[in-house]
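**Q** Spelled out, the chains give:
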Amino acid sequence: MHLVYPAVLAALLFAVGVYGVLARRNAVLVLMSVELMLNAVNLNLVAFDAWLRDSLHAGQALTLFTITVAAAEVGLGLAIVLLLFRARGTADIDRATALGDPAESLATEEPPNGAEALKGQAAA
Amino acid sequence: MNLALPALVPALPAFGAAATLATGKKAPGLARPLAIVPVAVSAVLALVVALQLGTGQTLDAATRLTPTGGPDIALALHLDGFSSLISVLVGLVATCVQVYSTAYLKQDPRYPSYAALVSLFTAAMFLVVYSGDLIVLLVGWEVMGLCSYFLIGHHWETADARSASLKAFLVTKLGDVPFLFGIFLLGADAGSFRIPDVLAAAGEGRLGHPTLIALLLLAGVAGKSAQFPLHTWLPDAMAGPTPVSALIHAATMVAAGIYLVARLLPVFLLSGAALVVLAVMAAVTMIGSALCALAQDDLKRVLAYSTVGQLGYMAGALATGDREASVFHLVSHGAFKALLFLAAGVVIHAAHTNSISAMSRIPGLRKRVPDAYWTMGIALFALVGLPPFSGFFSKEAVLTAAEHAANGEALTNSLGPASAVPQAAGWIVLISAALTALLTAAYATRLFLVAFHSPAVAGAAVADHEADAPYSPELDEADPATAEPPAMRWPLWVLAVPTMGFGIAGLRSDWLPALLDGGSLRPSGVTAVTGTGLAVVGVLAAYGAWRSATARLGTGRPAPAAAGRVPEQAGAPAAEVIVADPGRTLLGPLFGPARHGFGVDRLYHALFVRPVAAAARLVRFLDREVVEGYVQGSGIGANLLGRAVRLAQTGNAQTYLSALLAGVVLLAVLVAV
Numbered sequence: 001m002h003l004v005y006p007a008v009l010a011a012l013l014f015a016v017g018v019y020g021v022l023a024r025r026n027a028v029l030v031l032m033s034v035e036l037m038l039n040a041v042n043l044n045l046v047a048f049d050a051w052l053r054d055s056l057h058a059g060q061a062l063t064l065f066t067i068t069v070a071a072a073e074v075g076l077g078l079a080i081v082l083l084l085f086r087a088r089g090t091a092d093i094d095r096a097t098a099l100g101d102p103a104e105s106l107a108t109e110e111p112p113n114g115a116e117a118l119k120g121q122a123a124a
Numbered sequence: 125m126n127l128a129l130p131a132l133v134p135a136l137p138a139f140g141a142a143a144t145l146a147t148g149k150k151a152p153g154l155a156r157p158l159a160i161v162p163v164a165v166s167a168v169l170a171l172v173v174a175l176q177l178g179t180g181q182t183l184d185a186a187t188r189l190t191p192t193g194g195p196d197i198a199l200a201l202h203l204d205g206f207s208s209l210i211s212v213l214v215g216l217v218a219t220c221v222q223v224y225s226t227a228y229l230k231q232d233p234r235y236p237s238y239a240a241l242v243s244l245f246t247a248a249m250f251l252v253v254y255s256g257d258l259i260v261l262l263v264g265w266e267v268m269g270l271c272s273y274f275l276i277g278h279h280w281e282t283a284d285a286r287s288a289s290l291k292a293f294l295v296t297k298l299g300d301v302p303f304l305f306g307i308f309l310l311g312a313d314a315g316s317f318r319i320p321d322v323l324a325a326a327g328e329g330r331l332g333h334p335t336l337i338a339l340l341l342l343a344g345v346a347g348k349s350a351q352f353p354l355h356t357w358l359p360d361a362m363a364g365p366t367p368v369s370a371l372i373h374a375a376t377m378v379a380a381g382i383y384l385v386a387r388l389l390p391v392f393l394l395s396g397a398a399l400v401v402l403a404v405m406a407a408v409t410m411i412g413s414a415l416c417a418l419a420q421d422d423l424k425r426v427l428a429y430s431t432v433g434q435l436g437y438m439a440g441a442l443a444t445g446d447r448e449a450s451v452f453h454l455v456s457h458g459a460f461k462a463l464l465f466l467a468a469g470v471v472i473h474a475a476h477t478n479s480i481s482a483m484s485r486i487p488g489l490r491k492r493v494p495d496a497y498w499t500m501g502i503a504l505f506a507l508v509g510l511p512p513f514s515g516f517f518s519k520e521a522v523l524t525a526a527e528h529a530a531n532g533e534a535l536t537n538s539l540g541p542a543s544a545v546p547q548a549a550g551w552i553v554l555i556s557a558a559l560t561a562l563l564t565a566a567y568a569t570r571l572f573l574v575a576f577h578s579p580a581v582a583g584a585a586v587a588d589h590e591a592d593a594p595y596s597p598e599l600d601e602a603d604p605a606t607a608e609p610p611a612m613r614w615p616l617w618v619l620a621v622p623t624m625g626f627g628i629a630g631l632r633s634d635w636l637p638a639l640l641d642g643g644s645l646r647p648s649g650v651t652a653v654t655g656t657g658l659a660v661v662g663v664l665a666a667y668g669a670w671r672s673a674t675a676r677l678g679t680g681r682p683a684p685a686a687a688g689r690v691p692e693q694a695g696a697p698a699a700e701v702i703v704a705d706p707g708r709t710l711l712g713p714l715f716g717p718a719r720h721g722f723g724v725d726r727l728y729h730a731l732f733v734r735p736v737a738a739a740a741r742l743v744r745f746l747d748r749e750v751v752e753g754y755v756q757g758s759g760i761g762a763n764l765l766g767r768a769v770r771l772a773q774t775g776n777a778q779t780y781l782s783a784l785l786a787g788v789v790l791l792a793v794l795v796a797v
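First to last, the sequence lines map onto chains C and E. Read in order, the letters of the first sequence are residues 1 to 124 in my numbering. Read in order, the letters of the second sequence are residues 125 to 797 in my numbering.
Don't read these hints as lab results, they were simulated from the structure. Backbone N, C-alpha and C define an ideal beta-carbon position, used for all residues, glycine too. Some hints here could point you the wrong way.
Partner residues aside, some chain E positions facing chain C, computed with beta carbon under 7 angstroms [unchecked claim]:
{"no.": "1", "residue": "THR356"}
{"no.": "2", "residue": "THR654"}
{"no.": "3", "residue": "ARG770"}
{"no.": "4", "residue": "GLY775"}
{"no.": "5", "residue": "GLN778"}
{"no.": "6", "residue": "THR779"}
{"no.": "7", "residue": "LEU781"}
{"no.": "8", "residue": "SER782"}
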């Protein structure tokens with residue numbers, strides 16, 4: 001089999017995964033998209049391992065590692081999503097922006113017109 | 125000879141100062157003994173050192189303090205007759221002043237720091253006197269200046285004292301900068317900072333730039349000893365407590381400049397130009413300050429101008445190459461001027477005012493302070509230079525030295541050839557000294573008569589307006605019985621003894637001159653008659669002017685020219701006070717300018733103070749508006765940038781990831797292409 005088939009498939013899978021990560025709103029689907037990207041990589045590893053006829057089969061061994069790590073990662077990710085859902089009643093990623101630094105909260109964090117106050121001191 | 129003794133003399137007061145400062149807050153009761161005992165012990169040790177050293181001996185000892193690239197700096201002692209004599213004077217006056225201060229500043233809350241500074245000053249003065257190394261001498265010199273600064277500003281609550289202390293500090297530093305370079309140049313030329321080496325180099329003519337060195341050193345001397353261009357700080361320095369004026373601004377620190385020139389006189393003798401400059405400086409100082417003293421109303425300012433003038437005498441004697449006469453006058457002046465100041469302190473204490481015209485309105489002042497009255501009289505006699513008081517002999521010694529120099533046979537006492545002293549210097553000093561003798565007699569008489577002998581003003585409101593009298597910050601007891609506490613009375617009489625008797629020491633060549641250079645200090649006939657005659661004329665003129673002024677006052681129709689108002693009393697109802705002031709009659713149109721020091725202060729204000737203030741304003745503007753603008757601008761810019769960057773911080777992980785991907789793609793494209 002020519003290398004181009006698995007490579008194109010892997011690229012498509014990866015692109016779908018990227019799209020999912022960037023565009024899906026549901027956290028579970030985002031996790032699944034991450035899995036797609038990982039599996040695209042796995043596919044690449046196996047394909048190139050076969051194509052290069054590596055006697056140690058490093059690519060396949062690494063794939064096994066990746067699958068294991070991906071399983072653990074998905075377990076953790078699902079737990080986080082579960083907790084997020086319990087706390088907020090939604091698994092919508094667009095609405096989980098608590099760690100952001102919105103500009104409108106500026107006024108409460110700084111003394112009002114800080115720059116103007118400094119300018120006033122300079123003039124005095 | 126045991127080196128520990130001379131080393132202890134400067135060290136003890138320094139330890140005393142440290143101990144007083146350390147314990148002053150916790151144990152104020154210790155301050156008095158800690159102030160008096162080390163200084164008194166030092167005075168005794170100085171006397172012992174002087175006696176052990178004997179006459180005609182010198183002692184040199186040195187230990188290298190620090191290696192430098194050039195000449196080494198050594199912790200060196202150089203003792204000879206001059207240092208013995210002056211250290212005894214310093215010890216005597218410092219002890220008297222410390223004892224006197226215990227009473228004078230009895231109720232002062234800052235007495236411990238005051239006493240510590242006086243002790244530190246004493247230590248520094250001993251260091252200057254004993255030091256055999258110019259750099260170590262400079263250390264003592266600067267410490268003295270610092271103590272003077274602090275002590276003038278002792279009453280720092282008042283603006284007068286603050287500005288006076290700053291002025292004294294800045295003006296003396298102005299002289300000290302060239303002085304420092306003079307020392308460097310002298311050390312570089314002589315290859316050593318040790319005084320004996322420098323003198324040896326001067327003797328062998330190895331100094332490359334004697335005139336430059338002498339002129340640079342003279343700048344420092346003019347600052348420290350309040351000579352003409354830099355004399356303005358001394359009258360203002362009277363804002364300090366009176367004992368400080370007696371110690372620092374009359375007897376010791378201001379004499380340090382004279383002492384230094386006396387020490388280095390062989391260097392000065394190499395340069396006729398420097399001697400003429402010194403003579404002119406001394407002449408201008410003498411005559412100008414005597415005229416000013418004749419017009420002052422503040423008792424302490426009269427004495428301050430008188431000190432400036434007497435220092436001019438000493439500088440004049442040095443200009444004629446006779447350091448013996450100079451140091452002779454230094455010591456006798458130190459004693460009688462300290463006495464004058466201490467007595468003035470008693471009078472000020474009792475009268476609650478510094479103004480002699482205000483004193484003249486206090487009935488029976490001389491009966492309230494009899495000891496001060498008598499000792500002040502004695503000291504004024506010495507100041508005028510009437511025999512047999514010490515001032516007569518020392519002043520005559522100066523006149524004799526000037527006379528000899530004017531004849532071309534200067535009394536250099538084997539320090540250099542008599543021809544080293546230009547005859548012009550001798551004439552300048554001789555004429556100005558004779559004129560000053562006349563003026564000195566006049567102002568001394570005026571001071572005494574106006575302060576103590578004015579007829580009581582009938583029904584004058586005297587005691588009520590003292591609060592408005594010119595500045596006198598001292599706390600005091602109003603009770604006349606305690607106007608002269610014993611601690612203030614005894615130092616007067618102790619100082620009165622040398623004032624009366626010290627002059628005799630110069631009569632025989634194996635007494636005082638043997639300790640010094642071995643020349644003659646005996647007054648010569650012509651100058652003795654001239655000097656005394658001029659002094660008598662001055663006294664009589666002042667007395668006559670005072671009599672006529674008093675008589676005019678008595679008729680109730682005071683002539684405006686002779687009997688003046690006292691403008692400083694403005695604000696009080698007694699502003700129309702009329703005082704019989706002989707100074708007005710004697711000086712005539714010069715009175716106004718002389719009262720204000722001939723406008724030298726105003727001139728300096730226009731020449732130096734205002735440009736400096738303008739430059740300071742410019743710098744302030746540049747700093748505030750330009751430099752600070754950039755600083756503030758950078759802060760504000762960073763702030764705005766932060767606000768812009770915050771907008772990207774939405775909290776949406778997918779946005780971040782999109783940006784990340786875009787970045788990766790961009791990088792990949794850039795790397796690949």
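**Q** None of the hints should be skipped; say for each whether it holds.
**A** To see whether the hints hold, each was checked on the structure:
1. THR356: violated, 36 angstroms
2. THR654: violated, 68 angstroms
3. ARG770: At 5 angstroms from the nearest chain C Cβ, ARG770 of chain E passes the 7 angstroms test, so the hint holds.
4. GLY775: holds, 2 angstroms
5. GLN778: Hint holds; GLN778 of chain E Cβ to chain C Cβ min 6 angstroms, cut 7 angstroms.
6. THR779: With a minimum Cβ separation of about 9 angstroms from chain C (threshold 7 angstroms), the hint on THR779 of chain E is violated.
7. LEU781: holds, 6 angstroms
8. SER782: holds, 5 angstroms
Checked against the numbered hints given earlier, this structure breaks hints 1, 2 and 6; the rest are met.
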